[in-house]
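Engineer: Please build the complete structure, drawing on both the sequences and the hints.
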Amino acid sequence: MTGLLLRRAVETLITLLLITVMVFGLTRLTGDPTSLLLPPEATEATRAAFRHAYGLDQNMFVQYEAFLIHLFEGDLGESFRLHEPAIGVALDALGPTLKLACAGMALSIVLGMPFGIVAATSRRRWVKRLGRWYGSLGQALPPFWVGLILVSLLALQLPLFPTSGYGTARHYVLPALTLAVATSSSIASLTQANLEEALRSDFIHMERVLGLPEWRIVLKHALRNASLPIVTFLALQFGLILGGAIVTERVFAWPGIGQRIVEAILGRDYPVVQAIVLITATLFMLINLAADLLYLVLDPRLRT
Amino acid sequence: MNAGTVTPAAEQALPRRRRLGRWRPLQSPGLPLLATATCAVLVAAAVLGPWISPYAKDSVDLANAIAPPAWQPDGTAAHLLGTDQLGRDVLSRLIAGARISLAAAAAATLLGGSIGVAVGVVAGYIGGLADAVAMRISDAFLAVPFILLALAVVAVLGSGFGNIILVIVVTNWPRYARLVRSEVIGIKHRDFVTLARIAGVPPARIMLRHILPNTLNSVTVLGILDVGRAIILESSLSFLGVGIQPPDVSWGLMLADGRTLLGFAWWLTTLPGVVIVAAVMSFNTLGYWLKARLDPRAGA
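Chains A and B, in that order, give the protein sequences.
If you're matching positions, the first sequence starts at 7 in our numbering and goes up one per residue.
If you're matching positions, the second sequence starts at -10 in our numbering and goes up one per residue.
To be clear, the hints were calculated from the coordinates, so they are not data collected in a lab.
Since we're looking at a predicted model, the values are computed, not measured.
Just to be clear, a hint being listed does not mean it is correct.
If you want the ones that stay clear, here's a sample from chain A, every Cβ over 12 Å from chain B, calculated [what the hints assert, rightly or not]:
#1 Leu24
#2 Val124
#3 His177
Selected chain A positions facing chain B (Cβ under 7 Å, derived; list incomplete) [unchecked claim]:
#4 Leu19
#5 Thr21
#6 Ile25
#7 Pro148
#8 Val253
#9 Pro261
#10 Val283
#11 Phe290
Using N, Cα and C, we set each Cβ at its ideal position, and we do this for glycine too.
Structural biologist: As structure tokens, this is what we get:
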């Protein structure tokens, strides 16, 4: 098991390093990044100093080394527009996004799992078919459109929730619901598929023969077995939710990384773009690593 | 002990058919037909666009601005699906949008698929260091949520039709590479490959003529499923204002435009959304159906 863990950790590290190469390379795609990384009004002296500080007058390897050293010092340059360190800007925006993602995730689980359990255990064909329909519909619904429809129905037609903004608990409902529509559908179909599979296995058959109550068989024994892939999937979904949150935030004027990165792109604020991509990718990788660990905890068979 | 040995045999003999049947997604026979029809209509609209659309996509008619669809009380038959705030015909713009959205999705899928398949075949066949490097690189691409990766690329390259295709390619090639690589690893030790190698067929020819054709089934399925994904990605970027730029039209851009009138003109946001969902669902249904047909293990 330690071997497996070590391998995963090393893989994660290599991937993280490659991501820094990507982020580094991105600004070099257009040649001299000085014009990208410094505000347009910078003087020629500032540009020369910057070129020297980041080693832009030297070859790519030296440049990348300088980039990495600055990165480890937590320095990704300064936001042109806010005149604050880019890392700080990105971290400030991460809070609201994570809160939204967690709310969306919780809502997805609350909506998706019971749906999947009902669809898996029902004997009615239309319920099963509805479960699969829900699963494929969720994949096709673009989050920004779901958000707009929810605003139009639950904020404008029926003024229950605020149309946009951030602050109170009521502000969370519509954005979280927007995220949950897509994610809960995949959670539901995954729960359905795995639970159906688990319910067909021998030990469940045995428990039925022994006369255990059906709810206990389903909720305790079958669900526990079906939960393994669901856990890994939830971790992967968290990354998708982070992605979905970027678009959803735009609909609800949520002050998270999604808003920030779009503003930064439109304002050509590259240090902030770099910082957001790096931080989100790192977070995503760590979540995946954590999912693998959880998998080991939940499945003793893998601990050899 | 008896129960343990008897049950699996019984289960294998009896409910096998039912078990396979349950795994088929959306199995009713009418659905693939409906999906194919929807795809055909959309593709026809995209190809025939300028000849069948009632108006030019940006012909302004301020007298008829914000007209609701024809079946609404204030609707006019002149604009079947209504008009936007400048009096532009929604139906014509949806048709023009089909052209941009589908063309971008198709081009990106073909290009990304080709790159991914090439990387996957070479990495899987050669193995070793090339494989490890290719897989770590594709991991790095897959590690970033794809909308974020797309935004990062847009930030540097800029928006517009060509760049959006490029952005989608950057985000989708790794999935083809991974899929094809795993298939190739399964194929390359089969007898026909070994025999070809012994017979002195050069590696490039083995990859191209003997291995590649065997991966095409699953690549086709992933490709069709990917069209739906590409449509969503393009419309997301356009909605965020960093995708297709005016005067071009895309479904996502129409949604972004209609957003300001959300409370007054529902059709400006509802209709493009319905078209996106219909397009994506059709391509997905088609993809899953094809997957079930092409893969005997999935049952068909």
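Engineer: Broken hints, numbered, in rising order?
Structural biologist: 1, 4 and 9
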